[in-house]
Amino acid sequence: MKKTMIALLSAAVLAGCGEEKSAPANQAAHDPLSVKPAPELVSQLKTAVVGTESVAEMLRVAGSVEFDEQRVARIGASVTGRVVEVDVLPGQVVQKGELLARLNSSELASQQLAYLKARAQLELNRRAAERAKALLAADVIGSAELQRRESEYQISVAETRAAADQLRLLGFSEAAINRLGVQGAVDSVTPVSASRSGVVVERRVAMGQVVQPADTLFVVADLSRVWAVAQVPEQQVGQVRVGQSVSIEVPALGNESRVGKLIFVGQTVDPEMRTVLVRTELENRDGALKPAMLTSMLIAARPSEKLVVPASAVVREGDDENVFVAVEDGSYRLVKVKLAPEQGGRRVVLSGLKGGEKLVIEGAFHLNNERNRQAAEGS
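Sequential numbering from 1 applies to the sequence shown in the numbering used here.
Worth double-checking, as some hints may not be accurate.
Claimed, not checked - Distance condition first, Cα-Cα at most 30 Å in a straight line; then the derived DSSO-like pairs of lysine-lysine:
| hint | residue 1 | residue 2 |
| --- | --- | --- |
| 1 | K306 | K338 |
| 2 | K358 | K46 |
| 3 | K46 | K338 |
| 4 | K133 | K117 |
| 5 | K306 | K358 |
| 6 | K261 | K306 |
| 7 | K354 | K338 |
| 8 | K36 | K336 |
| 9 | K336 | K306 |
| 10 | K290 | K261 |
| 11 | K354 | K46 |
| 12 | K336 | K354 |
| 13 | K46 | K336 |
| 14 | K306 | K46 |
| 15 | K36 | K354 |
| 16 | K46 | K36 |
| 17 | K338 | K36 |
| 18 | K336 | K358 |
| 19 | K290 | K96 |
| 20 | K36 | K358 |
| 21 | K338 | K358 |
| 22 | K354 | K306 |
For the record, the hints were derived by calculation from the structure and aren't laboratory data.
Note that the structure is a prediction, hence the values are computed from the model and not measured.
The task is simple: from the sequences and hints, build the whole structure.
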């Protein structure tokens, strides 16, 4: 009886050892990352060797639309005065020279009066000098008296010119100055006119408001051309330069793309954001681009040799991206890779491949289905 029990126990121990030894062989035979397809499937696969290509990476940076500062006019009053009329509203299109507002200014009236007084004194001194010449010829006065009166006349000429120059600084045209001298009518109301054609993007004035020459009353911008600006991280600024082609995507316009060139790359780094400002010009004759719109700026960096794979070779498993690498025994192994975004049907390899591997570039989807089937049967 004892001999029988010992024999049974020995047989059980030997059977258990045999199972432990055979387990690794079974697991190796059903590697979930490998697949050995049937000849029919192999004939549908297309392979290629991983290599390098000259690739210009696209830098994507957030940006916005801004006014072209060379096409913006900030218009103010030339005198201190009170607003008595406002003729335009924000968003209104105006032409150069068009009336925007009117001011009533006591300063302007005073300066016109000073000009009229200077002209009157000039005429008086001119006549006195001419009369002195006649009296000198008749030996009534001496030459010293003539010189005095001529000197007074020259001083009046200078004072009249200075008064006219002051009127020009206050916005008077040459025709208006001549009209004032002829008619002698003082007008305390002065116009504020557009200094360029464009759209009134800001109106900072209201009826009855007292304004100073330093105040900006209107901002007029020509929006037929605008700027797109963005901030490039300092680590990537070495890849951008003036003249590079850029593509601007505008989410508000359904990611419509506009193409331009970089016209400016900043020379300083923002100490807080650690970025460098870049800028491009965009045509906007249709007016679709509005200042302050958010954009994405895609900048084509300088080309360099990169390891690339065709986008068709990539197989997604959950959140991971993979490719199938051919093995010498006729099987294919799924390899996890890290890739840059697709560009022209290619993906730059960031990690997972070294180059020289033979990849499945067509039929990878069907091969992955076969791998999943074999893995399920093997488990």
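Hint check:
1. With a C-alpha separation of about 14 Å, the suggested pairing of K306 with K338 holds against the 30 Å cut-off.
2. Of the pairs offered as hints, the one joining K358 and K46 holds, with about 10 Å between alpha carbons and a cut-off of 30 Å not exceeded.
3. The straight-line distance between the Cα atoms of K46 and K338 is roughly 22 Å, inside the 30 Å bound, and the hint therefore holds.
4. This hinted pair checks out: K133 and K117 have alpha carbons roughly 25 Å apart, not beyond 30 Å.
5. Note on K306 and K358: the hinted pairing holds, with a Cα-Cα distance of about 17 Å set against a maximum of 30 Å.
6. Using a Cα cut-off of 30 Å, the hinted pair K261 and K306 holds, with the two alpha carbons roughly 25 Å apart.
7. Using a Cα cut-off of 30 Å, the hinted pair K354 and K338 holds, with the two alpha carbons roughly 12 Å apart.
8. At roughly 18 Å between alpha-carbon atoms, K36 and K336 fall within 30 Å of each other, so this suggested pair holds.
9. About 18 Å separates the Cα atoms of K336 and K306, which keeps this hinted pair within 30 Å; it holds.
10. Straight-line distance between C-alpha atoms of K290 and K261 comes to about 19 Å, which keeps the hinted pair within the 30 Å bound.
11. At most 30 Å may separate the alpha-carbon atoms for a hinted pair to count; K354 and K46 meet this at roughly 20 Å.
12. With a CA separation close to 13 Å, the supplied pair K336 and K354 stays within the 30 Å bound.
13. Between K46 and K336 the CA atoms are separated by roughly 19 Å; this keeps the pair inside 30 Å, and the hint holds.
14. This hinted pair checks out: K306 and K46 have alpha carbons roughly 22 Å apart, not beyond 30 Å.
15. Our distance criterion of 30 Å between C-alpha atoms is met by K36 and K354, whose separation comes to about 23 Å.
16. Between the alpha carbons of K46 and K36 the distance comes to roughly 15 Å, so the proposed pair stays at or under 30 Å and holds.
17. Restraint check: the Cα-Cα separation between K338 and K36 comes to about 24 Å, which is no more than 30 Å; the hinted pair holds.
18. Among the hinted pairs, K336 with K358 is consistent with the structure: their alpha-carbon atoms are about 15 Å apart, no more than 30 Å.
19. In summary, the hint linking K290 to K96 is supported, as the alpha carbons are separated by about 22 Å, within the 30 Å threshold.
20. Proposed proximity of K36 and K358 is supported: the alpha carbons are some 15 Å apart, at most 30 Å.
21. With a C-alpha separation of about 17 Å, the suggested pairing of K338 with K358 holds against the 30 Å cut-off.
22. Distance check on the hinted pair: K354 and K306 sit about 11 Å apart at the alpha-carbon level, within 30 Å; holds.
When each numbered hint is compared with the structure, no violation occurs for any of them.
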